[in-house]
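Chains as they are written, first to last, in the numbering used here: chain A, 1 to 169; chain B, 170 to 338; chain C, 339 to 507; chain D, 508 to 676; chain E, 677 to 845; chain F, 846 to 1014; chain G, 1015 to 1183; chain H, 1184 to 1352.
Calculated directly from the structure, the hints in this document are not laboratory data. There's no promise every hint is true.
[To be verified] Think about it this way: if two alpha-carbon atoms lie no more than 20 Å apart in a straight line, the pair counts; the simulated SDA-like pairs of lysine to any residue are: (1) B:Lys197 to B:Lys215; (2) E:Lys681 to E:Glu812; (3) A:Lys27 to A:Glu148; (4) G:Lys1038 to D:Lys535; (5) D:Lys512 to F:Glu981; (6) B:Lys193 to B:Ser308; (7) G:Lys1160 to H:Asp1232; (8) A:Lys24 to E:Ser690; (9) H:Lys1329 to F:Lys873; (10) B:Lys215 to A:Lys27; (11) D:Lys670 to G:Lys1160; (12) G:Lys1177 to E:Ser784; (13) H:Lys1188 to A:Gly168; (14) E:Lys722 to G:Glu1048; (15) B:Lys174 to B:Leu311; (16) F:Lys873 to H:Thr1349; (17) H:Lys1229 to A:Arg159; (18) E:Lys766 to E:Ser828; (19) E:Lys700 to E:Ser828.
[As the list claims (entries may be wrong)] Label pairs and their in silico Cβ distance ranges: (20) E:Asp830 to B:Glu331: 48 to 54 Å; (21) E:Arg835 to B:Glu331: 39 to 45 Å; (22) D:Glu541 to B:Glu225: 54 to 60 Å; (23) G:Glu1172 to D:Glu669: 22 to 28 Å; (24) G:Glu1172 to B:Lys193: 28 to 34 Å.
Please read all numbers here as calculations on a predicted model, not as lab measurements. Backbone N, C-alpha and C fix where the C-beta goes; we use that ideal spot for every residue, glycine too.
Protein chains: 8
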Amino acid sequence: MPMKKVLVILGSDSDFPMMEPCFKLLKKFSIPFEAHVCSAHRSPRKAADLAVNARENGFGVIIAAAGLAAHLPGVLASFTTLPVIGVPCKNGALSGVDALYSIVQMPSGVPVAAVAIDGSANAAILTAQIMALSDEVLSERLILYKQELEMSVDLRNERLIEKLSTIGE
Amino acid sequence: MPMKKVLVILGSDSDFPMMEPCFKLLKKFSIPFEAHVCSAHRSPRKAADLAVNARENGFGVIIAAAGLAAHLPGVLASFTTLPVIGVPCKNGALSGVDALYSIVQMPSGVPVAAVAIDGSANAAILTAQIMALSDEVLSERLILYKQELEMSVDLRNERLIEKLSTIGE
Amino acid sequence: MPMKKVLVILGSDSDFPMMEPCFKLLKKFSIPFEAHVCSAHRSPRKAADLAVNARENGFGVIIAAAGLAAHLPGVLASFTTLPVIGVPCKNGALSGVDALYSIVQMPSGVPVAAVAIDGSANAAILTAQIMALSDEVLSERLILYKQELEMSVDLRNERLIEKLSTIGE
Amino acid sequence: MPMKKVLVILGSDSDFPMMEPCFKLLKKFSIPFEAHVCSAHRSPRKAADLAVNARENGFGVIIAAAGLAAHLPGVLASFTTLPVIGVPCKNGALSGVDALYSIVQMPSGVPVAAVAIDGSANAAILTAQIMALSDEVLSERLILYKQELEMSVDLRNERLIEKLSTIGE
Amino acid sequence: MPMKKVLVILGSDSDFPMMEPCFKLLKKFSIPFEAHVCSAHRSPRKAADLAVNARENGFGVIIAAAGLAAHLPGVLASFTTLPVIGVPCKNGALSGVDALYSIVQMPSGVPVAAVAIDGSANAAILTAQIMALSDEVLSERLILYKQELEMSVDLRNERLIEKLSTIGE
Amino acid sequence: MPMKKVLVILGSDSDFPMMEPCFKLLKKFSIPFEAHVCSAHRSPRKAADLAVNARENGFGVIIAAAGLAAHLPGVLASFTTLPVIGVPCKNGALSGVDALYSIVQMPSGVPVAAVAIDGSANAAILTAQIMALSDEVLSERLILYKQELEMSVDLRNERLIEKLSTIGE
Amino acid sequence: MPMKKVLVILGSDSDFPMMEPCFKLLKKFSIPFEAHVCSAHRSPRKAADLAVNARENGFGVIIAAAGLAAHLPGVLASFTTLPVIGVPCKNGALSGVDALYSIVQMPSGVPVAAVAIDGSANAAILTAQIMALSDEVLSERLILYKQELEMSVDLRNERLIEKLSTIGE
Amino acid sequence: MPMKKVLVILGSDSDFPMMEPCFKLLKKFSIPFEAHVCSAHRSPRKAADLAVNARENGFGVIIAAAGLAAHLPGVLASFTTLPVIGVPCKNGALSGVDALYSIVQMPSGVPVAAVAIDGSANAAILTAQIMALSDEVLSERLILYKQELEMSVDLRNERLIEKLSTIGE
């Protein structure tokens, strides 16, 4: 059985820089993905179609990034039983608090898994954690990644020691 | 040409008490309306259908009330060019701030007209104001209503004077 | 019967750049409008006069943009039964949350239709939606505009695909 | 020269309980006052008239209490050069944060003196402090009041000691 | 291969009523689970042990509910590569905003999937969606559940129509 | 009797640019003032002394600007019965919301008159309004100033019309 | 050398119930304390005196509880070099957010150690932790207390298991 | 008995500039310290080890700086009875409000002493105040430091007077 794919949906291509860490981590974990620009409000039929057909088209997880009144993750979740991960974008006057509330405060029955504002990297890792439940290789990659994270702390520690030496008596 | 109707959509029948002032004012202004329970997340196809067909079915304005991640008004607006008025409900831990942000912070191109949290009366009056643009009778009713509002202040003033007399020297 | 005009009121000419999308869309939809600088606090008589006479002067909708303790839309609404659309400006220390609350939390009886913070484009589109209720030509223009919005998503999708190709393996 | 009066304006008689401490303190300081119900949105002409004529009618200070999109103090301030004190009311879903922002965030040129949410007692004391600048008797009363405040702390201290004795070992 | 279990961790047994919908839905979906009271701050070693051993002990997903400075989900996530779902509790002065921010704003590398404040039902459904990726039977149950949700809207619609008939002319 | 002076207190000389409009308006209204840097926390004795002696030293109003946990206006108010106007500064991570709450939420008995965040101009105007209660010349100046404000709107209106002409068809 | 005492200051005796856990824990840890009602605004001289003399009077730590514009902890800190712990009270319209910001956002040079809103128990424990640095007996008591905390989790776990058994299949 | 050391823990070396005032003040007060980079989420075992062994390793106080869902101070506090001071960092979309809530809203039993957002200087001074309880020399240094603070106000006062002279008539 081939590995399930990830469907990544952005409200606009202008969200690409914020989502780049997500794409890079999906590649790092060798998780196949497809990405689309699709707006809950400008192209609602495309949004519905993508979500309705996601399972049949071989997708296992949906990641959706949106700002302001960020309806995209919730709209997708209303049309599928696949897990949907929402990434609130730090856009506009409210710096993403509006997007966070619009994504996380879903009513009972239709969940969206919210990650941090602009937290696209964690959307990819959460996806990997979900897909690893039935994929031992991916599971091993995640354990290695966690070790890398831990080791990166040592590196930062060394840099701190250097910086501390610059403080005069 | 018959008067256009108003389509009122509630996320749940439990929102009825909050919406009752809206229904009463629509009756007071003799504006015909239809009301439905419809959830953006639990019945997304019904939501899309209601909005897509609203114009043909003789509706002129849509009022939608929703709480939490209140996507309903925005989802309806994505499927119609009729004006959509959103009423944020004071539900849950955030007392309607989540619903307000989800309703008012719509992206460019797809507006929702937001009224106050639990402000269902104003949704009805705004609807009357919109429909009165091409309806002289309704326009007169609104002018009378505004006079009633002004006179209600006199009544309240009298009650204040009574209350003030209870303060001892 | 000639088309009704839109009365656009800005608290200051410094709000012009934020309101430019509104003016451009009104022009695109061929909706006649007049614009004034008028402050609820510095020129309250002019504000009252503009609102009191708006209907007789051929206006159908009022758009008002204001920041901080944004009283302008509410003050105008207190003097007219025309629909008033309020645009909260992202000014000052609170980034427009103050303006949003001052505009949207109107008391029962005197509605203002709030759009997003700095959401002047949507004020124009909402105006067009309102005026289209009795104007078939405008109604067609809005349907075309909605199709343009949908097509713009395809363009953005192509740009996303280009950007994705830049991510190394 | 007779003492100037205070004009106290409430958006509704339902705000009377919250404003009672203000009325009692004005009486305590023997400051003459008149109270009116007047809404910035329901009776805007009355609001303008009250403010425009306040100085000629012998008023020296205006106190205005309002909730939600609390425009009343700012609207009054736009029509007078008398000092206007605004009391934000804890009404509705936002518990008075909306009223506080609507009252305090006034634009440059037209100040309102904001006190705490539901802080009507302080509106009276601030009024007394303002009027005492040219009234030695009132000035003495304020000094006595400040001493009473200080002594009330002693009383509370005694009650604390009693309560502390109830804590078991 | 037996179905993986769900590890549900509560900061206190007093969170049981809020979590009851979660437990009931896990039962409804026939998903095996174990529940523990464990505090990130009072029993940090137990928290670490539960998370470190979760995979070996047959768990596939962790659900953690916490209020105030809700560290529990993040602490568990730091010790495992299993997906961790965080449920912010509406406790204390800040009504769960503190818990929401503490749960959702995780740093890059260690995700927690946040659901709504007090949204324990959605934690169960999200869990089912995750586990259904490799479980066709569970996948079918979710599709049925989604249909039940949709049908519940019809029932609510009927109740609305009854309530509407009570509004007098 | 000579005119009373205004005591302006800044937490730091770095607040000077924000306070410059206040100083300029006091000069414009020919109101004598003295300015001091004084911190509620770094120089609490000086703060107490300034407030305790303010009346005897010929001051009529105190203006105090402070940021963060802005205790300065409240501390001054605790030592005097002169009216104290507080200007919250937009400093630090919370952009002045902390200062606004610290200044406006004073307990019953000890008022501070809060103006907008960074609203130093209004602190000067409010001061003028207070002092004008017993000063006819100052009262006239304020009426003229209000007329200037109103006329400045005309100027801005002309600039708007110029800007509007730049929008292409 | 006798153990240093703790100075506990409440803005009002009405804060006693919220502070009771603090008093009980100080007794439990056998830490001597004195408690006073003292208001930063109503009795500023007493506040200054208490802080100025605290060290000489044998105090080692000051705990101060205050609500609204909670200046008390900061005012005390301005007059002493003893560590001051601030407890924000959940009073008034803002539920303690105002008190939290007023207490924690102290300017550089004059720290206050803030604990949670209504977190009086933690003020006592933090005090014990501070005093235990030079008190081995107290240090042992804290270690025992931490073990009790950990064991209380087991008790709660048992109660959870009972409650879980009540959920029907 | 040698002086106890301070353990300063940063979530990342990128927090060094924000923490520099803390390091400089610890040096100024001649308080020995050790600094580590350690993440509650990336290196949870190191965090636990540092806290568990802190007392034996001669530490008396722990300072921890963290941003976003700032769990580090609370996680350290769960493993030690030493006083833990938390410094919320102004990182990310929420400007440190998330970190503040995550640090200060600790549950009963496990306190963290929160200082201001980015308030690292005060973390050092609070540490000095705590350690000075059993160290007369350090106590003297703090009294001198407080005098320096007070004198710095005089310097700033002079600079203000210079700046004031630049305001034209």
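Against the structure, the hints come out as follows:
Under the criterion of a C-alpha separation no larger than 20 Å, the hint pairing Lys197 (chain B) with Lys215 (chain B) is inconsistent with the structure, at around 29 Å. Distance hint between Lys681 (chain E) and Glu812 (chain E) is fulfilled; the C-alpha atoms sit about 16 Å from each other, no more than 20 Å. A hinted pair counts as satisfied when its Cα atoms are at most 20 Å apart, and Lys27 (chain A) with Glu148 (chain A) qualifies at roughly 16 Å. Only pairs whose Cα atoms come within 20 Å are accepted, and Lys1038 (chain G) paired with Lys535 (chain D) is rejected, the gap being roughly 41 Å.
A hinted pair counts as satisfied when its Cα atoms are at most 20 Å apart, and Lys512 (chain D) with Glu981 (chain F) qualifies at roughly 17 Å. About 18 Å separates the Cα atoms of Lys193 (chain B) and Ser308 (chain B), which keeps this hinted pair within 20 Å; it holds. Using a Cα cut-off of 20 Å, the hinted pair Lys1160 (chain G) and Asp1232 (chain H) holds, with the two alpha carbons roughly 17 Å apart. Between Lys24 (chain A) and Ser690 (chain E) the alpha-carbon distance is near 42 Å, which puts this suggested pair outside the 20 Å criterion.
At roughly 39 Å between alpha-carbon atoms, Lys1329 (chain H) and Lys873 (chain F) are farther apart than 20 Å, so this suggested pair is violated. At roughly 38 Å between alpha-carbon atoms, Lys215 (chain B) and Lys27 (chain A) are farther apart than 20 Å, so this suggested pair is violated. For a cut-off of 20 Å, the pair hint linking Lys670 (chain D) to Lys1160 (chain G) is broken: about 29 Å separates their Cα positions. For the given pair, Lys1177 (chain G) sits about 37 Å from Ser784 (chain E) by alpha-carbon distance, which is inconsistent with the 20 Å threshold.
The hinted pair formed by Lys1188 (chain H) and Gly168 (chain A) meets the criterion: a straight-line CA distance of about 19 Å does not exceed 20 Å. A threshold of 20 Å between alpha carbons decides the hint, and for Lys722 (chain E) with Glu1048 (chain G) the separation of about 38 Å lies outside it, so the pair is violated. In summary, the hint linking Lys174 (chain B) to Leu311 (chain B) is supported, as the alpha carbons are separated by about 17 Å, within the 20 Å threshold. Of the pairs offered as hints, the one joining Lys873 (chain F) and Thr1349 (chain H) holds, with about 15 Å between alpha carbons and a cut-off of 20 Å not exceeded.
With a C-alpha separation of about 17 Å, the suggested pairing of Lys1229 (chain H) with Arg159 (chain A) holds against the 20 Å cut-off. Between Lys766 (chain E) and Ser828 (chain E) the CA atoms are separated by roughly 27 Å; this puts the pair beyond 20 Å, and the hint is violated. Taken as a hint, the Lys700 (chain E) and Ser828 (chain E) pair is honoured in the structure, with Cα atoms around 18 Å apart against an allowance of 20 Å. For Asp830 (chain E) and Glu331 (chain B), the hinted distance range of 48 to 54 Å is satisfied, since their beta carbons lie about 51 Å from each other.
Judged by the Cβ atoms, the range 39 to 45 Å given for Arg835 (chain E) and Glu331 (chain B) holds: they are separated by roughly 42 Å. At roughly 58 Å, the beta carbons of Glu541 (chain D) and Glu225 (chain B) sit within the given window of 54 to 60 Å. The beta-carbon spacing between Glu1172 (chain G) and Glu669 (chain D), approximately 39 Å, falls outside the hinted interval of 22 to 28 Å. Between Glu1172 (chain G) and Lys193 (chain B) the CB atoms are about 53 Å apart, so this pair departs from the stated range of 28 to 34 Å.
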